[in-house]
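Using the hints provided, position chain B relative to the given structure of chain A.
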Amino acid sequence: MHTLSRALSGVVVATALTACRDPLAVQNRNNPDRLRVLATATDLETYTAGAFRMMHQGSIGANAAGSGGSIASLARASSWEVTAAMANCGYLNFQAIPRTAIDNSRGNRFNTAILTDFARQSSAARAAADGLNRLTLGGVSLPSAAQNARLKAFAWFTLGVALGNLSLVYDSAAIVDPYADLAFVPPLSGYREVAAAALTDLDSALAWASATGTNGFSLPSTWINGNALTAAQFIQLVRSYKAHVRADVARTEAEGDAVDWQAVLADASNGITADLQITTQSSPFWGIGVCYWFTGSQVTQFIAGMADTSGGYEAWLRAPLGNKVPFLVVTPDRRFPQGTTRAAQRTNSPTTPTGMLYFANRTTGDMDAGPYGTSFYYWYRFWAWWMNPAGGPYPVFSHNQNDMLQAEAYLRTGNVPAAAALIDLYRMRAGLPALSGVITALGQPVPGGAACVPRVPVGTGPEWTGSTCGDIWEAMKWEFRMENMFIGYSSWYFPSRRWGDLPEGTPLHWPVPYQEMDARRHPFYNLGGVGGVDGAVGKGTYGL
Amino acid sequence: MSRHTWHIRRIAGLLAVLLVGTAGAAPAQNAVLRGTVRSDIGELIEGASVVIPEMAFQTATSARGVFLISIPEARVRGQAVTLVVRMIGFRPYRQALTVRAGEHVFDATLQSDVNRLEDIVVTGVMEGTPQTQTTFSVDRVDLTNVRVPSVDPLTQLAGRVPGVLVNTSTGRPGASADIMLRGPTSINASGRSQEPLYIVDGVIISGGLPSINTQDIENIEVVKGAAGASLYGARAANGVINITTKSGRTAAEGTTLHMRTEVGASDVEREIQLARQHALLTDATGERFCIRDTSQPLCARTVDWIAETNRVNNAPGGGAADPETFTLDPGVSTPAPTLRQVFLSRQWPVPLYDAVSQVLTSQPFVSTNIEATGRAGGTRYFASASQLRQKGAVRMMSGFERYTARLNVDQQVRANMSLSFRTFYSRGNWDGWSQDGGGNLFFRLTRQPASVNVLAHDTLGRLFARSNIMFQGRQNNNPLMFTTGNGITDLTTNDRFIGGGTLRWTMTGWADLEANFSYDNATNYFDYGEPKGFRSNIPTDLGFVGRVWTMVSGGSSYNASVNLTLRHNLARDLVARWQFRYLFEQQDRHSRSLSGNTLAVVGVDAATNATLNQSIGSSFTSQRLIGLFAGVNLDFKRKLIGDFLLRRDGSSLFGAGNRWATFGRASVAYRPSQEGWWPLRDALNEFKVRASYGTAGGRPSFAAQYETFNIGSGGALTAAQFGNRFLRPEVNTEMEVGADLELFHRVGVTVTYAHSDTKDQILLVPVAAATGFASQWQNAGTLTNTTWELSVNLPVVRSRDFSWSWRFNYDRTRTVVTRLDVPPFRIGTPLQNTTDIFNVAEGERYATMYGNYFLRGTADCDRLPAPFNADCGGPGAAFQVNSDGWLVWTGGYDVGEGLTRNLWMAQRPAAESPWGVALNWGMPIALRDSVDKSYGSVPLGTGLPDWRFSVSQTLQFRRWTVYALLEGVVGRSIWNQGRHWSYLDFITRDLEQRGKSPEEAKPIGYYWRSAENLGIGGLYHNLIPTNATVERGTYAKLRELSVTYHLGRVGGAGNWEVSVIGRNVFTITKYQGFDPETGISSQNYGTQSSSGLVNAIDAFTFPSLRTFTVTLSTTF
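Chain order of the listed sequences is A and B. Residues 1 to 544, numbered by our numbering, are exactly what the first sequence covers, in order. Residues 545 to 1660, numbered by our numbering, are exactly what the second sequence covers, in order.
Please keep in mind that the hints were generated in silico from the structure rather than gathered at the bench. It is possible that part of the hints are untrue.
Said to hold, decoys possible - Which stretches of chain B does chain A cover? Using the computed rule of at least three CB atoms under 8 Å from a CB of chain A, they are: (1) 1300-1312; (2) 1368-1378; (3) 1472-1479; (4) 1565-1574.
Only a predicted model underlies this, so the values are computations on that prediction, with no experimental measurement involved. Glycine included, every Cβ here is placed at the ideal spot set by N, Cα and C.
Next comes chain A alone, as it looks inside the complex (with noise of 0.2 Å):
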């Protein structure tokens, strides 16, 4: 009984000497909590800076080379930028005519693509908010007046570009407000509140820039990478985002009628002078995911025929579905490899990009894209980079985008001249005839005569009546077209939808997707496709 006893006793004693010290409470050592990550000013700053990195990755920046894809993936399948011969990154799916509604049930194919987009862009405005609402509300304060108020104008303005983002995708999402307290989900509110909420937030970019100082700006060169923007020229970006958001926030022609053009010509002629390029790099990850593959994107006939003036494209219009076969784009247009044979195009065609030349006939076999996608073109004038996607310069706001905004402001607002000047820019560039002291006002076609580009298909699809030269409209168009193919947030999906160019049921904006929607507890729904809702009505532009 003795050495039971004593073997009771220690076990006892082992029980307490465990209980002196909580052995069970263990620190997880590989992935810290809030505390840790906003422990010092200077970790405050640096993590509120990241947020654009992280907004960078939920518009351009995701993996989409996947067959999943990615928004910005999808959207310019949606709107002809891109065609492919496989479903990879979604292209056949999104391309398809007719169209089909976006599916958002559980486990769509797309989920994720339809998810990262929004996730990534909400997670990157609650990091700017939180970064915000520490420097206003937390007592945490950088170094000097002048620190504080650069992050906090950079702050802003990546809270107004998450929400201006969200706002353009997305038929709703949730407005982050940084005031606001830190355990409240905000409500899911429409585009148009989420665009306004956007645009106040750059507006207070704007307020926060203008403060001088120790340590304020320039831009650290990492907060935007390879850009230690001035204040100048941070505030250009500023306004140039905020004429982006006010115009590609309209989904249909009767919103971009309804668009404040004064405003958006007031931001875009403050804004950029040259391309927003961000340095692609590996570590830090500032990559770009361009959903493109040498031979399987290719550029569709249907938009490449614009600049034809052979007549291919006038015989291509007018031929029945199943007879809609490549041509050659014979143009002067120089972005376009010259020459009158597939041959000469294809010597045309350099292995390395140079120069003006942007699309290269293909030097292998042709793939079957559809009737619309099948072309003898593919895109190559980021090819370079696109072969080392994660090294070098890549713009995602080019200066001919707000160049555009800025012509079609004038266009809307009656100044036909100044519009023209700004389009004569790029067009003469491309050995374009003028339009300047020739276009006076709108309906006016293009200079060119039978050589004219771009031509515009007449009648409705699939078999037009034939073709006719563009007017300055169409010119201007063109030019943003040419200018921002495979660059920037699925350029060419944004504005085509005020200017009507979207096929019948292409789907106007992505809803919310499924898991947000679960984890609010609200019924999930599809959007667009042929007499779906919010998918877009009757026959576009170009009678689609």
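Frame of chain A; chain B shown alone:
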């Protein structure tokens, strides 16, 4: 007793005395007990345990069945004791005796224990308990004389125990099998496991088991649910597998050597059928292939297949050249209308190969094992060493190699105290980890048309990088490109040490104390490298610049426990055993990785040689558990048994507010057959009913409770996971009832019903994106398993020269999500297009696979929208059923008239078609939603089987023994993603039309891309499950077969046996993939179900190996 027999016994007794050295010659005043132990058919039994429990004397019978116990004079007091003789497979023999000086002979005859109810089990019970006294099911598999030892101990359980689901999800040598007991208990087990708790010699194992040498194992005990496993508390929701390795506990004095060597070869039993024809356009000779150029006249340019292959592969530099694009290369270059006219039926004008048989080839299997068992005084030992080489079945791969060593020592310190030590070390290495699944080796293998010689080399002696020059083959390298034989490093090495010590102290006749400490350490090294200059099939690929990737991961587990057992008679015939236990466990895991590419110099493997895309990573986790346990077992006359326990567990894996949880069990067993009034003494000679109700816990992964931010490259921070300090364990509550019967002293039957609810499911729940986080682990549901298990043992004939026995097992488990406190969601695997294929919804069977549905049979006429459903069915209808069973649009023509009336090009306009979508003649029709015309998502099958069975039999005739085990799985659905993919690349023989009648022949568009505008269509549809490629994976597999001849002594030495052994000998199935025993396990991919048993997706993992060997063994 004849005088002759008497002499033999005297001689045997003398031998026994000589063998048992410490006993020596018995002085006259000692008590000497001797005897011979035989079976009921007269065979001498070696190794039977002979015990006098009251005096703690124990010995074992010799090879001639003889035992001897010498009791010192000091302990001879005329007391009454019991002599107990035990042997696995026999009922114990008990003989009351009085201890007096002198010699006494006790011969024992052991009766066969058909249902093995007298086997002592130790798992889930307080101390070693015969099965007759257990209150819940404990299955015990004795592996001492296993006929067909497996490489992985877990596969040894396949077909042997009802309710144990074993699946060789990948046949890659060195990979573990997936295992589950009864069914899954976690809906989302990512970062953790559905596998049971593994215990080896008391050591709680933190990693997998394949490093353990199966031939070291004495027995495996299985407790399948919480009703039995409550003893193991917060980590036992998935049940327990307890492995006991061999020891010298019952060894006689001296050393016995056992040697075994096995030599043979492995291959893959089944093939997949690759196409032998092509659909490319050729010139008039059929010898040269047209090159596609839409600006040139058709077939203006042609190439010779072999010359073009050589041109592409002879390209200098790092990559293969781009091939020409063939006209009518159906993969990418042919319009849908053409595909509706073209048939895969042209003969290749080149020599034909079969890539499957070229790559899969018979490779050696060699296993050698040596054991030493013995006793030296109070020291008993078992030592073993083994070497295993399993090269697998893939040419140019190295396979699996393993070395093990074990030393188990039991030391009697004092009469009432013993020490046991168990030490084990193994080193294993294998290649091919990075080739298992996804777009790797078997993907590429199934993309090689019959014209491809994957073994060909270019003029520089390099393996063809781009063996398939058709355009769709661009991404599909030669399958052998990334094998170790081609210069790739893809090597995993595992070092494992398991050790532990146990002190047993019988403090008094009624109190035992046991203390245990154990340690398990495993380290995995993974090295992947493409040397600088390594060749790719893509000219611009970075592969040829070289890459390195190295990982080190592993962990250590420490367990310490103290256990006190008290025995006490509460009343006459009512024995109570009390037990109290304290234990502490800690598991530390770590990993580190380095990778990069573009190597600076040739021939350097160091990560510093990588100049671009360098990546580093590391992690460290620690888990701790404290358990406090108390229990009592009440035994009334060995016929009414009650067992009750309570366990309080604290775990570091839960939030601060919920670290401690309580588990328990109440169970009872009753043996009416032991009652005097039992009327069926001869017909139902053993009858035990049992019922047990218990709870056990399931734990989350390490990080689940924490709020986390991810640290990306360059220190970029991203909010990842909401923390949850209220996270609780999943609690598995199981009610198990069952009966163990023996009929006519011959037929053993065990039947068990179990119902378990695993509540508080730990689920990854999305949170609103505006929080900044993606998800949170929450307790939010219940998963229910309902199980029936049946096993029947039938010794048909049993005599000394001839015996024949059968064992039959059956089990059926239904796993249903019975409660879900969050909206339905999907789970899957990270492989392409499998991330969301299993739907999780309240009321739905777990592992139900969802996808698109093609209308099938006339029964689906009703699924067409009105008015089309009215014109559907028989001859003359617009919609008819074709020769494959699919419902297609025929426009009223007969479904076989596609060719004869040239109908394959006919279309029905969208405005006149169901759902407003144009239809092509004769093509499968995908079901659409009536509102938005989307394809929707419908249930197509369940990854978990409906039921399973196994039949084994052993037939012994004189020196010959034949053993076979057949295992069957019924009703499991598998998405054959490999076949689905191959529709896209026209590689499957399904597409071949040569030899078919015009009525049955189908154009390529029928299988791929029939739709005009969408660019997709046909049975390929989208790369998601459809009812065309989700197949029934029902199978019956002859898993084990052996034929053994017992040679006996050869040249006067040894005890020799020679055997011919087959593993996975043949499979009966209609499944069209390599092997229906397949799935995506979590060994390569972090799947959400965390088990290949659930992830019934056949996505290019290694098929399981068929192995034939010859074995020679002997004992000295």
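Hint check:
| no. | hint | result |
| --- | --- | --- |
| 1 | 1300-1312 | holds (count 4) |
| 2 | 1368-1378 | holds (count 5) |
| 3 | 1472-1479 | holds (count 4) |
| 4 | 1565-1574 | holds (count 3) |
When each numbered hint is compared with the structure, no violation occurs for any of them.
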